[in-house]
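A.B. asks: On the provided structure of chain D, position chain R as indicated by the hints.
Protein chains: 2
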Amino acid sequence: MAPRKEVFEGVEWRIRVAADGSSEALVPATGLARKAWLGIKGLISGFALKVRMFVKKAWDVGTNDPRKVIHCIKVGLALAIVSLFYFMRPLYDGVGGNAMWAVMTVVVVFEPTVGATLYKCFNRVLGTFLAGFLAVGVHWVASQSGERVEPFVVGASVFLLASAATFSRLIPSVKSRFDYGALIFILTFSFVAVSGYRVDKLFELTHHRISTIIIGSSLCILVIMLVYPIWSGQELHSLIVRNMDKLANSLDGCVTQYFNRSGGGTNSEEEATDNKLQGYKCVLSSKASEESMANFGRWEPSHGQFNFRHPWKQYLKIGASMRSSAYCIEALNSCINSENQAAKLIKQHLGSGCLKSSNVIRELAETVKMMKKKSSTTDLLAEEMKSAVQELQNDLKTIPHLLNPSAIPGNKTLETACSEATTPTVTLMELVPVVTLASILIEISGRIEALVDAVEELAKLAEFGINDDKSKHSKMTDKTVSDAKHITQGICLY
Amino acid sequence: MAPRKEVFEGVEWRIRVAADGSSEALVPATGLARKAWLGIKGLISGFALKVRMFVKKAWDVGTNDPRKVIHCIKVGLALAIVSLFYFMRPLYDGVGGNAMWAVMTVVVVFEPTVGATLYKCFNRVLGTFLAGFLAVGVHWVASQSGERVEPFVVGASVFLLASAATFSRLIPSVKSRFDYGALIFILTFSFVAVSGYRVDKLFELTHHRISTIIIGSSLCILVIMLVYPIWSGQELHSLIVRNMDKLANSLDGCVTQYFNRSGGGTNSEEEATDNKLQGYKCVLSSKASEESMANFGRWEPSHGQFNFRHPWKQYLKIGASMRSSAYCIEALNSCINSENQAAKLIKQHLGSGCLKSSNVIRELAETVKMMKKKSSTTDLLAEEMKSAVQELQNDLKTIPHLLNPSAIPGNKTLETACSEATTPTVTLMELVPVVTLASILIEISGRIEALVDAVEELAKLAEFGINDDKSKHSKMTDKTVSDAKHITQGICLY
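Listed in order, the protein sequences are those of chains D and R.
Residue numbers 1 to 494, in our numbering, belong to the letters of the first sequence in order.
Residue numbers 1 to 494, in our numbering, belong to the letters of the second sequence in order.
A few of these clues could be false.
Claimed, not checked - Which residues of chain D face chain R? A few of them, derived with a C-beta cut under 8 Å, are:
(1) Trp-59
(2) Ile-73
(3) Val-435
Said to hold, decoys possible - Straight line, CA to CA, 27 Å or less: simulated BS3-like cross-link-like pairs of lysine-lysine:
(4) D:Lys-281 <-> R:Lys-317
(5) R:Lys-313 <-> D:Lys-57
(6) R:Lys-287 <-> D:Lys-281
(7) R:Lys-372 <-> R:Lys-287
(8) R:Lys-175 <-> D:Lys-175
(9) R:Lys-287 <-> D:Lys-276
(10) R:Lys-317 <-> D:Lys-57
(11) R:Lys-313 <-> D:Lys-287
(12) R:Lys-317 <-> R:Lys-372
(13) D:Lys-287 <-> R:Lys-201
(14) R:Lys-276 <-> R:Lys-175
(15) D:Lys-313 <-> R:Lys-281
(16) D:Lys-287 <-> D:Lys-175
(17) R:Lys-397 <-> R:Lys-287
(18) R:Lys-313 <-> R:Lys-460
(19) D:Lys-68 <-> D:Lys-57
(20) R:Lys-287 <-> R:Lys-313
(21) R:Lys-317 <-> D:Lys-287
(22) R:Lys-317 <-> D:Lys-50
(23) D:Lys-460 <-> D:Lys-317
(24) R:Lys-460 <-> D:Lys-313
(25) R:Lys-281 <-> D:Lys-175
(26) D:Lys-386 <-> D:Lys-281
(27) D:Lys-317 <-> R:Lys-287
(28) R:Lys-287 <-> R:Lys-460
(29) D:Lys-56 <-> R:Lys-175
(30) D:Lys-397 <-> R:Lys-397
(31) D:Lys-201 <-> R:Lys-313
(32) D:Lys-56 <-> R:Lys-313
Bear in mind the hints are in silico, worked out from the structure with no lab data behind them.
This structure is a prediction, so every number in the text was calculated from the model and none was measured.
Beta carbons are placed, not taken as given, at the ideal position from N, Cα and C, and that holds for glycine.
Here chain D stands alone, though its shape is the one from the complex (with noise of 0.2 Å):
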């Protein structure tokens, strides 16, 4: 029987595993652990994917910049540097064991830029001194007050002046200059004056918070200005620099895609023009970091050709004049990408105008790079501008005359250029975006002048060198004598 009931046993688990539905219950089951195997590595290819993309990213951020990079090594240091006041037992003890108020220093007051850190060191001293002696005061009349009162004493002082120097944050010139201060006051006067009410050695412990704090500072501003540093103003310096070359790139162009439209160009090459003219959109969107850099700026000392009072503040003007510059690219951009292309016949006389303008940034940026004071080119250029922009004006009353050619007698190049244009008259549709064209390029030459005088001005607070432009500017006459040329044959046209 044994032998024949393992014959039946095993049959009918075979049976089972065959027909029964239980193998239809195993299929399921080994089906669900590999849908939750592919679940899980679907999940963790999508978690290499993101991790990949995010590596990727921060790659492209330490190589698109590698300053950064030299940053956060810099930071790395100073704290591996404060940590020495743990490990070395002469320090420690120097310090009363407050040593952990020099490495919150260093984490919270080190920042990219000199001035960033400056001013956060200045503040943090100056607040702490502030707030620590404010903060033993009242201690001590809070003592004087009996037992029972001192808590009241303590928590209203603290109401008030938190409260105080919390709105004082919020006063636009307290907050660009000691915001980080006001910061650290409420900080500093909250900590001793409260721990008054249960330390016994309060002075030593203000006295201890306010050395840690020095030395944490001190530390910072070594390494920030030894190791490679990175000054505000020079970044805001080369900021205004770059975007000016790139409002002359944008301006250019506008006029490149507005003529050449017709003349397909390679696809890279119209890539790269695309690339030119959207920087005025850098422009635009610069206002902040321009602001905070400005801010930061006036806490460093002299470095390179920058003087401790050197005007940061004109930069502002100057970025404010560019802006508005940029405003006008901005329409004109609209106005080269609309429907209505004027008449070929029109619009070749307008590019030089344009140009122009595009030159006297050129050459603004140039004047601002070498911090020199206008040179007699830009003066050249900027005149020039002028005239080519009451040439635009003077074109514009002659285009009437193109609408009905036969109003004006004895004008000759005008009728060789109608013939030329083989059409006798142009439709006022057509001559829409570059009317439009024109007044806004003639706005932006308005502005432009403006810069010209922001610049200037910042060379006469700055006290820039004279510009010695003699060689350049023999060269400069020469491209100028060839850019009136073309002028010449572009009247010619008409």
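C.D. replies: Using the frame of chain D, we list chain R on its own:
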């Protein structure tokens, strides 16, 4: 002799005073004193003036936005409450004398809006947690490696992790969400890991730091959410609505100024118009605040009409769209201020189109404010705007005939218009600003259409309710009819 001497001395002294130059020496001395006194008085009065100016400025800040004062009181309140951890023995002992972390947490995480405070609380707790446990782990590894190697292991880990965390703060996607968390991570990690070298009960230290930070954060969250809460999201919503109104007003202001230039209003009226006109500048300059509000808004729980996952990012798109219109208004503005004023005859025609555009913006502002889906009124107004643009383009086509009216036979209205205008032709220089204005208006209407789309997208994403604007609709239709009449009259002029 004695009396004589006295007399003599007296006389001598008197002579000296009166005649020998010492009197002259005395006069400058009193002069110096007076000068010094005047100088000090000047300094004091100058200082008093500065203080008075500062107090006035502070007072203005408070009266212009009383919520700022409330914020200050909230900070004071939160700090006074957290001080109880010092004043009440059981609470003080409960956190092992580490109550200062709670005080510090309150000072540094308390921000004016709920979103910003939640962001900081969450980041502070998360950063402390992660860094605390990691630091305890590193300390364990370091302590296993022998006393001589320990400082190097700890120092190297601080250097590496601090550098890595600092680097992560420079990656935009991390910066926008976890900037503060990364800072706190560095702070806590350095502090705990390095303290491990001197402190025995490291785990307890970490535990106390985490629990006090959680206590401080919870207190802040309670105070910020219960006492007169200010929500970043709500602020962003109101800012966008307010900016839309300002944009519409600017557009209107431009038209008013352009068309009423000759009809001199009173000075105060002019000022009011001018203020309205400058509204677009607010739109141009609010990018940074929009971004930070949207960033903090996503940390806020459901409040008022806003859900937890309200599409705050879409508000940024609306803001960008508004800015692109504002750029055009800036160009329009320069157009208005330009010296060439268009012929009255021609410019009379353009106002209605301009007003159409601002009506659309106003209706959009209303829709967003009420958090409703795009109303049929919006569609209607947008259609009207489009047809106004179409009309504008048609009108532009008829302008050449004004330059030479005899060219079009049988255009009766136009002839009537011209005879009404008494001058038969208009010079092109008079046309330039009007053509520019028209093309900028056309451009603006295109951008407003993009704005309509952006608002529609927001309504879809945020699942706004359906706009039941029957009553308003009928009212608006009435207005539309009268507007239409106005237009017809406008056309009749030609």
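A.B. asks: Determine for every hint whether it applies to the structure shown.
C.D. replies: Right, here's what the structure says about each hint:
Using the Cβ-Cβ criterion of 8 Å, the hint placing Trp-59 (chain D) at the interface with chain R is not satisfied: the shortest such distance is roughly 10 Å. Among the interface hints, the one on Ile-73 (chain D) holds; its C-beta lies about 6 Å from the nearest C-beta in chain R, closer than the 8 Å criterion. At about 5 Å, the closest approach between the beta carbon of Val-435 (chain D) and any beta carbon in chain R falls short of 8 Å, and the interface hint on this residue holds. Using a Cα cut-off of 27 Å, the hinted pair Lys-281 (chain D) and Lys-317 (chain R) holds, with the two alpha carbons roughly 16 Å apart.
A threshold of 27 Å between alpha carbons decides the hint, and for Lys-313 (chain R) with Lys-57 (chain D) the separation of about 22 Å falls inside it, so the pair holds. At roughly 13 Å between alpha-carbon atoms, Lys-287 (chain R) and Lys-281 (chain D) fall within 27 Å of each other, so this suggested pair holds. Distance restraint check for Lys-372 (chain R) and Lys-287 (chain R): the Cα-Cα separation of roughly 24 Å lies within the 27 Å cut-off, and the hinted pair is therefore satisfied. Taking the CA atoms of Lys-175 (chain R) and Lys-175 (chain D), the gap is about 22 Å. The hint holds against a cut of 27 Å.
A threshold of 27 Å between alpha carbons decides the hint, and for Lys-287 (chain R) with Lys-276 (chain D) the separation of about 24 Å falls inside it, so the pair holds. Pair hint Lys-317 (chain R) plus Lys-57 (chain D) holds up; C-alpha atoms about 24 Å apart against a cutoff of 27 Å. Between Lys-313 (chain R) and Lys-287 (chain D) the CA atoms are separated by roughly 21 Å; this keeps the pair inside 27 Å, and the hint holds. Proposed proximity of Lys-317 (chain R) and Lys-372 (chain R) is supported: the alpha carbons are some 18 Å apart, at most 27 Å.
Our distance criterion of 27 Å between C-alpha atoms is broken by Lys-287 (chain D) and Lys-201 (chain R), whose separation comes to about 50 Å. A hinted pair counts as satisfied when its Cα atoms are at most 27 Å apart, and Lys-276 (chain R) with Lys-175 (chain R) does not qualify at roughly 37 Å. A threshold of 27 Å between alpha carbons decides the hint, and for Lys-313 (chain D) with Lys-281 (chain R) the separation of about 20 Å falls inside it, so the pair holds. For the proposed pair Lys-287 (chain D) and Lys-175 (chain D), the alpha carbon gap of about 18 Å is at most 27 Å, so the pair holds.
At roughly 39 Å between alpha-carbon atoms, Lys-397 (chain R) and Lys-287 (chain R) are farther apart than 27 Å, so this suggested pair is violated. For the given pair, Lys-313 (chain R) sits about 13 Å from Lys-460 (chain R) by alpha-carbon distance, which is consistent with the 27 Å threshold. For the hint pairing Lys-68 (chain D) with Lys-57 (chain D), the CA-to-CA distance comes to about 14 Å; that is within 27 Å, so the pair holds. Taken as a hint, the Lys-287 (chain R) and Lys-313 (chain R) pair is honoured in the structure, with Cα atoms around 13 Å apart against an allowance of 27 Å.
For the proposed pair Lys-317 (chain R) and Lys-287 (chain D), the alpha carbon gap of about 19 Å is at most 27 Å, so the pair holds. For the proposed pair Lys-317 (chain R) and Lys-50 (chain D), the alpha carbon gap of about 26 Å is at most 27 Å, so the pair holds. This hinted pair checks out: Lys-460 (chain D) and Lys-317 (chain D) have alpha carbons roughly 14 Å apart, not beyond 27 Å. Straight-line distance between C-alpha atoms of Lys-460 (chain R) and Lys-313 (chain D) comes to about 45 Å, which puts the hinted pair past the 27 Å bound.
At most 27 Å may separate the alpha-carbon atoms for a hinted pair to count; Lys-281 (chain R) and Lys-175 (chain D) meet this at roughly 22 Å. With a C-alpha separation of about 26 Å, the suggested pairing of Lys-386 (chain D) with Lys-281 (chain D) holds against the 27 Å cut-off. About 19 Å separates the Cα atoms of Lys-317 (chain D) and Lys-287 (chain R), which keeps this hinted pair within 27 Å; it holds. With a C-alpha separation of about 23 Å, the suggested pairing of Lys-287 (chain R) with Lys-460 (chain R) holds against the 27 Å cut-off.
Straight-line distance between C-alpha atoms of Lys-56 (chain D) and Lys-175 (chain R) comes to about 16 Å, which keeps the hinted pair within the 27 Å bound. A C-alpha spacing of about 19 Å is found between Lys-397 (chain D) and Lys-397 (chain R), which places the hinted pair at or below 27 Å, so the restraint holds. Using a Cα cut-off of 27 Å, the hinted pair Lys-201 (chain D) and Lys-313 (chain R) is violated, with the two alpha carbons roughly 52 Å apart. A distance of roughly 25 Å separates the Cα atoms of Lys-56 (chain D) and Lys-313 (chain R); the hinted pair therefore holds under the 27 Å criterion.
When the structure is compared with the earlier hints, violations turn up for hints 1, 13, 14, 17, 24, 31 and for no others.
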